[in-house]
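Protein chains in written order, with the numbering used here: chain A, 50 to 168; chain B, 50 to 168.
Worth flagging that the hints you see were computed from the coordinates, not collected in a lab. Fair warning: there could be bad hints in the mix.
Just a few of them, taken from the derived set where beta-carbon distance is under 8 Å, the chain A residues facing chain B [to be verified]:
id, residue
1, Q70
2, M78
3, L91
4, A105
5, C130
6, F150
7, G157
8, P165
9, P168
Just so you know, even glycine gets a beta-carbon here, dropped at the ideal spot from N, CA and C.
2 protein chains.
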Amino acid sequence: MAFDPTTLKYDANGLIPAIAQSETGEVLMMAWMNAEAVQRTLDSGRVTYWSRSRQAFWVKGETSGHVQRLLEFRIDCDRDCLLMVVEQEGPACHTNRRSCFYTAVRDGSEVELMAPMAP
Amino acid sequence: MAFDPTTLKYDANGLIPAIAQSETGEVLMMAWMNAEAVQRTLDSGRVTYWSRSRQAFWVKGETSGHVQRLLEFRIDCDRDCLLMVVEQEGPACHTNRRSCFYTAVRDGSEVELMAPMAP
Chain A
50 MAFDPTTLKY DANGLIPAIA QSETGEVLMM AWMNAEAVQR TLDSGRVTYW SRSRQAFWVK
110 GETSGHVQRL LEFRIDCDRD CLLMVVEQEG PACHTNRRSC FYTAVRDGSE VELMAPMAP
Chain B
50 MAFDPTTLKY DANGLIPAIA QSETGEVLMM AWMNAEAVQR TLDSGRVTYW SRSRQAFWVK
110 GETSGHVQRL LEFRIDCDRD CLLMVVEQEG PACHTNRRSC FYTAVRDGSE VELMAPMAP
């Protein structure tokens, strides 16, 4: 079946959550896409989100160099969430950590799981 | 630092997205939690979402038996997304597939990646 980005289910703001996972299985981050960001990601092979704070397209790594090359684009059963399997250049997180999910809750307390990567 | 669920960033509906990942690295599903679902998940060790369609707590697997035992609870850098590392009993998806992300887009077409599990 030919894929049409408009057949995905977007929220009231026209956005769908997109999870980025490395080819080694690590969940790196979650951000948002609109239908055009979905199409740009597929066309370019460079993961492209919609920045809610800047209200602009966000080609991941465009300024930092920490690009995400698309390896596989997946859709969930309800068509309201995306999973991008990516080749991540350097850290995915703006704090310079490999993943944005670097904090765990253990025994009721927050614990930092990973340090920022060397520049 | 002691963890307080009210310090997470919830959306206008009081919800935060929660990704479930198996201990083997597979991304299984994404659903939503409110602050009380977060607390119930931590207290019980059973992943508990908020069902937007039913407007009720949803202890994953309560009726199907396909429970998610919490192995690790992670928070992202912006505190607006959660990652649950879980031990998943059977399929995570209501279609009886292991993961909800069973569809890929390849060469412009949708491809089914996995079949439903045996009952």
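Practice problem: Of all the hints given earlier, name the ones this structure violates by number, lowest first. | Solution: The structure conflicts with hints 4, 8, 9, although it agrees with all the remaining ones.
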